[in-house]
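*Asks:* Here's the letter readout for the chains.
There are 2 protein chains.
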Amino acid sequence: MKTDLDHFMQEKELDAILVTGPGQHNPPMVYMTGGCQLTNADLIKKRAEQAVLFHYPMERDEAAKSGLKLKNLAEYNFNALLNQVNGNYLQAVVMRYKMMLEEIGVKSGKVALYGKTELGSNFEVFSALQRELSEITLLGEMNNSSMMLARMTKDDHEIERIRKMGKITTQVVSLTADYISSFTAKDNILYKPNGDPLTIGDVKGRINHWLAELGAENPEGTIFAIGRDSGVPHSSGRSDDLIRLGQTIVFDIFPCESGGGYFYDFTRTWCLGYAPDDVLELYHTVLSAYNTVSTQLEVGKPFNHYQDLVCDIFASHGHPTIKDDPTTQSGYVHSLGHGIGLNVHERPWSGISSDDKDCLLPGTVFTLEPGLYYPAKGMGVRLENSLWVQPDGKIEILADYPMDLVLPVKNS
Amino acid sequence: MKTDLDHFMQEKELDAILVTGPGQHNPPMVYMTGGCQLTNADLIKKRAEQAVLFHYPMERDEAAKSGLKLKNLAEYNFNALLNQVNGNYLQAVVMRYKMMLEEIGVKSGKVALYGKTELGSNFEVFSALQRELSEITLLGEMNNSSMMLARMTKDDHEIERIRKMGKITTQVVSLTADYISSFTAKDNILYKPNGDPLTIGDVKGRINHWLAELGAENPEGTIFAIGRDSGVPHSSGRSDDLIRLGQTIVFDIFPCESGGGYFYDFTRTWCLGYAPDDVLELYHTVLSAYNTVSTQLEVGKPFNHYQDLVCDIFASHGHPTIKDDPTTQSGYVHSLGHGIGLNVHERPWSGISSDDKDCLLPGTVFTLEPGLYYPAKGMGVRLENSLWVQPDGKIEILADYPMDLVLPVKNS
Numbered sequence: 001m002k003t004d005l006d007h008f009m010q011e012k013e014l015d016a017i018l019v020t021g022p023g024q025h026n027p028p029m030v031y032m033t034g035g036c037q038l039t040n041a042d043l044i045k046k047r048a049e050q051a052v053l054f055h056y057p058m059e060r061d062e063a064a065k066s067g068l069k070l071k072n073l074a075e076y077n078f079n080a081l082l083n084q085v086n087g088n089y090l091q092a093v094v095m096r097y098k099m100m101l102e103e104i105g106v107k108s109g110k111v112a113l114y115g116k117t118e119l120g121s122n123f124e125v126f127s128a129l130q131r132e133l134s135e136i137t138l139l140g141e142m143n144n145s146s147m148m149l150a151r152m153t154k155d156d157h158e159i160e161r162i163r164k165m166g167k168i169t170t171q172v173v174s175l176t177a178d179y180i181s182s183f184t185a186k187d188n189i190l191y192k193p194n195g196d197p198l199t200i201g202d203v204k205g206r207i208n209h210w211l212a213e214l215g216a217e218n219p220e221g222t223i224f225a226i227g228r229d230s231g232v233p234h235s236s237g238r239s240d241d242l243i244r245l246g247q248t249i250v251f252d253i254f255p256c257e258s259g260g261g262y263f264y265d266f267t268r269t270w271c272l273g274y275a276p277d278d279v280l281e282l283y284h285t286v287l288s289a290y291n292t293v294s295t296q297l298e299v300g301k302p303f304n305h306y307q308d309l310v311c312d313i314f315a316s317h318g319h320p321t322i323k324d325d326p327t328t329q330s331g332y333v334h335s336l337g338h339g340i341g342l343n344v345h346e347r348p349w350s351g352i353s354s355d356d357k358d359c360l361l362p363g364t365v366f367t368l369e370p371g372l373y374y375p376a377k378g379m380g381v382r383l384e385n386s387l388w389v390q391p392d393g394k395i396e397i398l399a400d401y402p403m404d405l406v407l408p409v410k411n412s
Numbered sequence: 001m002k003t004d005l006d007h008f009m010q011e012k013e014l015d016a017i018l019v020t021g022p023g024q025h026n027p028p029m030v031y032m033t034g035g036c037q038l039t040n041a042d043l044i045k046k047r048a049e050q051a052v053l054f055h056y057p058m059e060r061d062e063a064a065k066s067g068l069k070l071k072n073l074a075e076y077n078f079n080a081l082l083n084q085v086n087g088n089y090l091q092a093v094v095m096r097y098k099m100m101l102e103e104i105g106v107k108s109g110k111v112a113l114y115g116k117t118e119l120g121s122n123f124e125v126f127s128a129l130q131r132e133l134s135e136i137t138l139l140g141e142m143n144n145s146s147m148m149l150a151r152m153t154k155d156d157h158e159i160e161r162i163r164k165m166g167k168i169t170t171q172v173v174s175l176t177a178d179y180i181s182s183f184t185a186k187d188n189i190l191y192k193p194n195g196d197p198l199t200i201g202d203v204k205g206r207i208n209h210w211l212a213e214l215g216a217e218n219p220e221g222t223i224f225a226i227g228r229d230s231g232v233p234h235s236s237g238r239s240d241d242l243i244r245l246g247q248t249i250v251f252d253i254f255p256c257e258s259g260g261g262y263f264y265d266f267t268r269t270w271c272l273g274y275a276p277d278d279v280l281e282l283y284h285t286v287l288s289a290y291n292t293v294s295t296q297l298e299v300g301k302p303f304n305h306y307q308d309l310v311c312d313i314f315a316s317h318g319h320p321t322i323k324d325d326p327t328t329q330s331g332y333v334h335s336l337g338h339g340i341g342l343n344v345h346e347r348p349w350s351g352i353s354s355d356d357k358d359c360l361l362p363g364t365v366f367t368l369e370p371g372l373y374y375p376a377k378g379m380g381v382r383l384e385n386s387l388w389v390q391p392d393g394k395i396e397i398l399a400d401y402p403m404d405l406v407l408p409v410k411n412s
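Residue numbers (the numbering used here), protein chains in the order written: chain A, 1 to 412; chain B, 1 to 412.
The hints are simulated quantities; they were obtained by calculation from the structure and are not laboratory data. C-beta: ideal position from N, C-alpha, C; glycine also. Just so you know, not all the hints are guaranteed correct.
Here chain A is said to cover these stretches of chain B; the calculated rule only asks that three of the stretch's residues, wherever they fall, bring their Cβ under 8 Å from a Cβ of chain A [said to hold, decoys possible]:
hint, stretch
1, 114-124
2, 131-140
3, 207-213
Same shape as in the complex, but just chain A:
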């Protein structure tokens, strides 16, 4: 939780963090500010001190919404700095950062960089800044970053925001089911009243419409993939594909709050009208794996323990898994889940590689999403909910929705 940030900074021997980039769709900045509509800004937080937000003068009102201590970047008079260094833009930016760090009292030690922003120019700026700073080491933290460790457990305020996104998500899934069921099938294909076939593009258009209506954004798009595409986990689906009966549809939806805030993540697999036997069998195997794992989840256990478990369950039914063959593209081909928050994928990880030892702790929000994929057979099944470990260790699904496979349709 955010209140743990100083603790993790101390553990990592960080003297300060520096966050840069836009105020929205920039998880570290949104985490520190709550989310403000800023084109570009910087934030410096010394360990055990309050963060200071550096903003451009035109954006002073937006910056103020953060409730943080503010510094107006205009006070550094960039044009004067630029004149001092004969118009060398890079050098002027570096000088300004030096002044900002000095002003905050960061004089030595380690400073970690954060921000979802332009890599190229910032790589150049911070490499140049590093050459100017003899007492300060600039670094970027990898997977184990102190902010990601803080963010791995959520406080009540964050849970409310994620829960609200879960409610919006399942409302949109329900609207989507009703929408699809409202069309009439002819020769196993759904048709609109005007005689045109319904397409995946039509369905996705409605999904975006409903999400916006309910106040959410969908920056990463939606997976709505049918048939062979449903057998490739991250295939998003082709816009002009038709909606055919008896084929698996993997519907994976992961919207976020307006302005790039908290995400929800949710998947159902649907088969319209009826499910062929091989699809039914695949579905029941995935559902039973989901149920087995979800009833065994325990607070404090490493997340990847359950990845191991689900691999063994699928293998016992004769499916290839990435545990046995890391390059397999059929059977069980991904990890069991991941944390969600300001990133749609964040810690805890459930992967089995040696760096991933994340545990299910109170405050953790994570997905559980077993799946089986057979692209050559034109089918795939994935079922996913987002869960929260409550302070007392109980584990709760943040938004309920039926797991049903078959959606009824009208036949002409």
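Based on these hints, arrange chain B on the given structure of chain A.
*Replies:* Chain B in isolation, oriented as in the chain A frame:
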């Protein structure tokens, strides 16, 4: 244009560019791939050679939509690399990049980094990679980057995409005008049929709804700011603010294609019911400056020539400008415009600082947005269109819309 990229790479003596990060809402990646729904990917382009897209195995179908040469990252067997370096994740990522560069045949020279992505971890990775590479210099290009120079002029395909966003934008502006005019004023405030006052939050909700309906995204939000807030250029407006008659509303809308593609940028200033004399005068000064500048625009001229011109026009009417006082927060406080494309703000810049010498060239798409701001008087006016320099040098507004100040409303 993209066909100029090799030329600019040669001019900058770049041997390759490396783009990293997600496939959407990542301008350099979208520019090179056309836009694919990829969680994370890398792209390496040697000068005068085709780009190669490195993708994760689950995203092979999405990667294929780019039409580029593909490499599946699974072929580098990350888990084996991780074992080789005793689980040191950073080191394994660095080794994989070394293998990728070798495979593409990048053995020496300069490689420029690109991508809107996590700064921290990438700063660490590319700093570590640099230490391992003796013959290659990794660098980040600043404002003058070869890709930004290529992107500064758009080809016909890009113009069509921006024009389509312009059409959606003005449709939404028209819907917004009709929506606001449909309410009834009482005591100078607009009320909904249920008796509640209309709020800026209500209006913004409708704007997002219509944008989604028309297939656009709104990742940076909308400015809909009234009264004092309209006097602060980047104030986005307060959700619970009421809509009052006779106050300036700055409505600045800048949506993009779904998935983080091309933007449009557009501003009108409205006054509901009537405009007080001081607002009328401010509006006419801004409109006349807009008209003077727009009729003087000439292909080949530096953009900041017109910034200079508009400062002089406003100064001649007695308004403070940033030309005379760079720190002023009233009068004319920003630059005349900016390029638009995959970033809502990109080159050409119209600022007067020494690094900004961008010219209006055939293919340039840019905004023209003079404005005057008096926060203490509770008013601000900005008028903005997006323009394109045609191949023959003619300058065209990409989406027409009336400049009218006063929106009629019904009185109870």
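*Asks:* Each hint should be assessed against the structure and marked as holding or not.
*Replies:* Results of checking the hints against the structure:
no.	hint	result
1	114-124	holds (count 11)
2	131-140	holds (count 3)
3	207-213	holds (count 5)
The earlier numbered hints are all upheld by this structure, with none contradicted.
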